[in-house]
Amino acid sequence: MPAKKKTNAPPAGSATLAADPANDFRLGETYAPAPEATDHARVAPAYGLFIAGAFVPPASGKRFATVNPATEETLSEVAKAGPADVDKAVAAARKAFGPWNRLKTTERGKYLFRIARLVQERAREFAVIESMDGGKPIRESRDFDVPQAAAHFFYHAGWADKLEYAFPGRKADPVGVAGQIIPWNFPLLMAAWKIAPALACGNTVVLKPAESTPLTALKLAELIADAGLPPGVVNIVTGAGDTGAALVNHPGIDKIAFTGSTEVGKQIQRAVAATGKRHTLELGGKAAHIIFEDASLDQAVEGIVNGIFFNQGHVCCAGSRLLVQEGVADLVVAKLRRRMETLVLGNPLDKNTDIGAINSRAQLERIEALVQAGVEEGACIHQSGQKLPEKGYWFRPTIFTETAQSHRITREEIFGPVLSVMTFRTPDEAIEKANNTPYGLSGGVWTDKGAKIFGVTGALRAGVLWANTFNKFDPTSPFGGYKESGLGREGGLHGLAAYVNLTHN
Amino acid sequence: MAETSTPTLIHSPTIDAVGLAERVARFKARSIKTASKVSALRLALSMIDLTTLEGKDTPGKVRQLCRKAVCPDPADSSLPHVAAVCVYPSLVRVAKDALKGTKVRVASVATSFPSGQAVLGARLEEIRYAVAEGADEIDMVISRGKFLCGDFAAVYDEIAACKEACGEAHLKVILETGELHTYDNVRRASDLAMEAGADFIKTSTGKVSPAATPEVTLVMLQAIQDFHVRTGRMVGMKPAGGIRDAKTAVTFLVMVRETLGPAWLTPEWFRFGASTLTNDILMQLAKQRTGHYQSPHDFTND
Amino acid sequence: MSTRISVLKTYKLYIGGQFPRTESGRATALSGRKGQHIANLCRASRKDLRNAVVAARKAQPNWASKSAYLRGQILYRAAEMLEGRAGQFADELRLQGDSASSARKEVDAAVDLLVHYAGWTDKYTQVFGSINPVASPHFNFSVPEPTGVIGVLPPQAPGLLGLVAAVAPLVAGGNTCVALASPTHPLSAVTFAEVLNDSDLPGGVVNILTGLREEILPPMATYKDIDGIAAYGTTAAEQALIGENAALNVKRVAFHPADALAGDPYRIMEFQEIKTTWHPVAVG
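Chains as they are written, first to last, in this note's numbering: chain D, 83 to 587; chain U, 713 to 1014; chain L, 4 to 287.
Think of the hints as simulated: they come from the structure by calculation, not from any bench.
Every residue gets a Cβ at the ideal spot worked out from N, C-alpha and C, and that includes glycine.
One should not assume that every hint holds.
What the hints assert, rightly or not - Label-pair distances were calculated between CB atoms; the ranges are:
1. U/K959 to D/R443: 46 to 54 angstroms
2. D/A307 to L/G122: 33 to 41 angstroms
3. U/K959 to D/R124: 30 to 38 angstroms
4. L/V130 to D/A533: 20 to 28 angstroms
5. D/N587 to L/E83: 48 to 56 angstroms
6. L/T187 to D/A356: 23 to 31 angstroms
7. D/A166 to L/G28: 55 to 63 angstroms
8. D/R124 to U/K815: 53 to 61 angstroms
9. L/P140 to D/A451: 38 to 46 angstroms
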């Protein structure tokens, strides 16, 4: 280490200088790089489709690249599943359904326990690949996505032999073959949300991961093969919207589970209308996050930050509409703006990164367009000052003040790190504004007053409500929306209903 | 209730304990490496109030401690000295003499430390004595009993009186957070102390557990932040007790950096009340310098 | 002495606790088996549907906020009222073609079904709600809440029991609804509205239209302020119409056979949303 230099020395005699002034703890812009090791993460140059327990090439031979959004480098070439491949996958799932359903329920559960354990064992590898493929900070993939995915398998594993207790007065039978389509914001976790309950209830599945983030689902396929799961119980087909459509429209599918945009969800609801296919939809949101004057403000500010900047705001339940009581609005916004500056933006694989890369160029363009609309409509924009890396897709933490219910940025789901701030005067006004949306996925309330917590959460029309906290998830906790945010629940006791047919005992 | 100069009631925000713990977990998850780590460790060293507060303290012990304060690691003369030595009033003169010609300050606990259970006159007299002996800084304790029975005005008045007794010496107000029990109380006591004139607010005496937890420290840092925004006056922060290793100290510095900002990252505005922490910081710095893990035997126990 | 001329009943719609005629002024004649005139029924228009949905929407938050106990008492009161007017209902069912014994049985079953659902109002939340043992220090619970305003197509027959079986679980669960009475058995539907109106059921909770399915179903299926549709004994074409248009606002849709009329708490749950609430737990 070089000798200290006497610049900017604080009064009582100190030495803060390090090799690189940019990484000086006191004066540097940010912390020295702390990259997560990647040497243990194995990504193959190309992946096939996982059908009937093995990776197979797509019938068409077509592949597409999956890109690291932080570097724009291609990570792997992934198979593009066409109708013939989907057909094959559905047939494999159908063939596997009978034996899987007849398997002793305790044994079915043990397979799921085994998968949970395997995910835990390879947790760091999954976290690294998730961050590389999707751009999310390693802190989140490591501390949230992967542990939660393992927890979902573990939780549902235990249900496999206990379904008779889940539905009072009814016998629960599996639905059959489930077609499952998942989004790019929590690729592995969404796969776990879909696969675990389906299998626990005795169904077999064909899962389609999102086009921009297929890798962890394919790694999960490897792991499922390691677990010795009977071939065909889980099939994974990669592709874009047309692959998903082929799955939705396939006559061999008994149930569709979809997580994604409200627009596509509606298309699916229309497509399955006359088919009798069961369906659950987890769709968009525009959650109101209400801060009352008597809230624990510093924790509330942290809740706001987690609510909108978690996973770059690529979260359907993000607290994207902040409603602040007028008496504390200036204070809250000032605290929030200070806090935004401390967020570390950059390399998703750096352990200190708070804000990673935007998932894709297309998503970045959508965010930019909506933010532009916000500016043009007269809202007041505040962005934090982080430097953006030269390559990759990035967007600074952004808030808009002086917004109104009529602004596009307060009505449309931006799915990025962009918060609209509105003020209110009375609780009734807050509730009315909060519910004034076709969405109804989630909501947040901060107040120190117990009666107000129950009163306001009770009045909000949304499926998941966080009081004095935000963006919390657990396998035991049902998740899903009111109104145009979706149909059905995932997780918890209530999530099982999506994967069973009930008959009288 | 006695005549009082207290603002009727300071409106302190409440603290959600779970949210607070989550925020602390985020700070702990910061990974401070290489250049950041070295500069943080050196900074931490320069912020230590090297402390001995025992019944068996002697002039000899205090003189040895002062030597350590000036030159923490004989093997590395580039290191900064610590911020201050903290002793009982009866040993202030010894420390002052031992530190003559250095920039290490002398701090003294006073006000019937650690309980504070003496009459106010005696407590003020103790402050005046310590200052007369040469103390640059006074660490007082608040009357936790009065605070807990809601007599905030009395607590306020006592702090104000102590501040007056300090004269030129800086006043650190020890809240003894381990006896206040709730974060709401910690926040309210912080606000009260700052309003009453504290130059520093300090978590603990070191005699009560839990002492300087990161959670309590964060509550106090946020109180300082709000007070600064409201009044424009900077108040210093001193977590004391229970901070034994370098990694924990760095977490505290991360908290300061990300709540109050770099202006507070100097010994003028932030201190660690600690003793065993020093050697762990020295060990980590030697590890960074040499690339090898170190043995405690190579570091002096003074 | 001339024989007394009986006073015939005018059958009207039931909207927002009122008995208006259709705004369209149209009527459909209901004839008996021998072709004799029985009554003129209002042929509701899409505007009547709109008025009914507006009334149902207005009534819904208030109805949902009533205590479960009170909702149970009101449904039980409806059972009492129905029992007390059993003879009238039996007569109307006979007029619409049922035998005396089946008419009486149907009224009895309808009364019993109301009692059954009256008893569920303060229990389904317990049976289908949950406290969820999350891994973090939070209290987390899930409760069912009503979906909102539900469009109802009861089965063509039985005219009274079918309507009660379709509507009672919705109302028990705090929803409000707009039902299109069976076109072949409308009389008992209109008279049932009088029962409801005498049972302290707030106006607008149940709204009953008479008219033609082919006229009312399309605007009902596309209506964006209807949150769900419960349909009994529908054709494949009707199901496709409902299902495809449900996507306009992600309506909840439930199809049942015309004879699936037994009391069933899962029928309540079809139009319940699960709301999950989180709150930190700490002592300080």
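Unsatisfied constraints (hint numbers, rising): Result: hints 1, 2 and 5 break, sorted rising.
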